[in-house]
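Undergrad: Let the sequences and hints guide you as you build the complete structure.
What follows is each chain in one-letter form.
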Amino acid sequence: MAGKLVQVATETVTSAVSSVQLIGTTTDDVYLVTVMGAEMSSLVDIPFRFTVSGTADSTSNYDYASKRLVASSSFFNISATNQAQMDMSVAVSGSNDLAMFMIYIYNANNSSEYTFCTLESVNTSDSTAKLQGDMGGGVLTVSQATNGIEFFDNGATANITSGTFTLYRVV
Amino acid sequence: MSNLRLINETEITSSQSSTTVNNIFSSDYDIYKIVVNDFSQAGATETAISMRYVNSASSILTDSNYDYAFLTMKTEAAFAEGRNTNQTKLLWAAGYSGASPDTMGNVIYVFNPFSSSSYTFSLGQNFSTDYGATYGVSWKSIGVYTQTNSVTGINLFDSDGAGAYNSGVIRTYGLRVDS
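As given, the protein sequences belong to chains A and B, one line each in that order.
Counting in our numbering, the first sequence runs from 1 upward without gaps.
Counting in our numbering, the second sequence runs from 1 upward without gaps.
A few of these clues could be false.
Quick look at which bits of chain B chain A covers, simulated, 3 or more residues with Cβ under 8 Å [to be verified]:
{"id": "1", "stretch": "2-16"}
{"id": "2", "stretch": "64-71"}
{"id": "3", "stretch": "115-124"}
Here are the simulated lysine-lysine pairs, BS3-like style, with alpha carbons at most 27 Å apart [claimed, not checked]:
{"id": "4", "chain 1": "B", "residue 1": "Lys-140", "chain 2": "B", "residue 2": "Lys-74"}
{"id": "5", "chain 1": "B", "residue 1": "Lys-140", "chain 2": "A", "residue 2": "Lys-67"}
{"id": "6", "chain 1": "A", "residue 1": "Lys-4", "chain 2": "B", "residue 2": "Lys-140"}
Derived from the structure by calculation, the hints contain no laboratory data.
For glycine and all other residues, C-beta sits at the position ideal for the given N, C-alpha and C.
TA: Rendered as structure tokens:
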């Protein structure tokens, strides 16, 4: 018996946007974010951050760690603390450079605890169809309620040009 | 109604070394969750269960266009990396099948399989017991089929050639997006 998924929000990008927000992590349930076929307008990563009352929390309180799996070379670790976003993404741009994410969010609605996430991703990237992906997770180390997630270009030089971003509540 | 919809449940009840589940991918969904569990060998020798895609003509796609990478985490041995490009299968996509009770559990996500304009991607994780249940091994894996063909199903098979399995269940769910 599989658990139920209840769709909370979705956005399909068909023309360039600077960011995508999914709002609605407003209960004590676990949430699942799926990203299907995200592309950027130039070869950059797709980081994300959580939102507080609908506004991205860009304070330097994000810690994350992941293992980067690569089909054509050795794997490596990605980790950082006290960042202004979580970046466990490879750079994607161009035909068949697509990013897929499965992100579970925990404790978002709890104002007395941190917001956690686990992440799995698979991409072809670097304009060479090189297969890469991440297995990891992260935390926003602020005791506050968060109400969603925002994907964006950290360098503010590129736009998100495609992809379907969906937020589900796991019940 | 849940946005996670059961599309197909296939139970293996006879000895076989290759199992195709077709007509599970369609334009109704872009992301699929495939749960594979309880594969058990007819004999005593465990074997790798690998995956290929199937097209609408029920042809198993065995061309050399599969890339994969996986991290192997063993309970009693060092972790290891596995990777390859331009292969004919997604190696160990469903882990190991052993003699009961040495079975396994897997979740494989497949992205975009029905599209005829982009590649088909996968994410997987599993845990299998091995070597008489004294040894556990988990895989975290990624894969891509680098052809823009529409695929409609999967083929799981004994890629070691070590012997047939005679039980197992494959459940396929679609993650519905309501616009």
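Undergrad: Are there hints from earlier that the structure breaks, and if so, what are their numbers?
TA: Hints that this structure does not satisfy do not exist here, as all of them hold.
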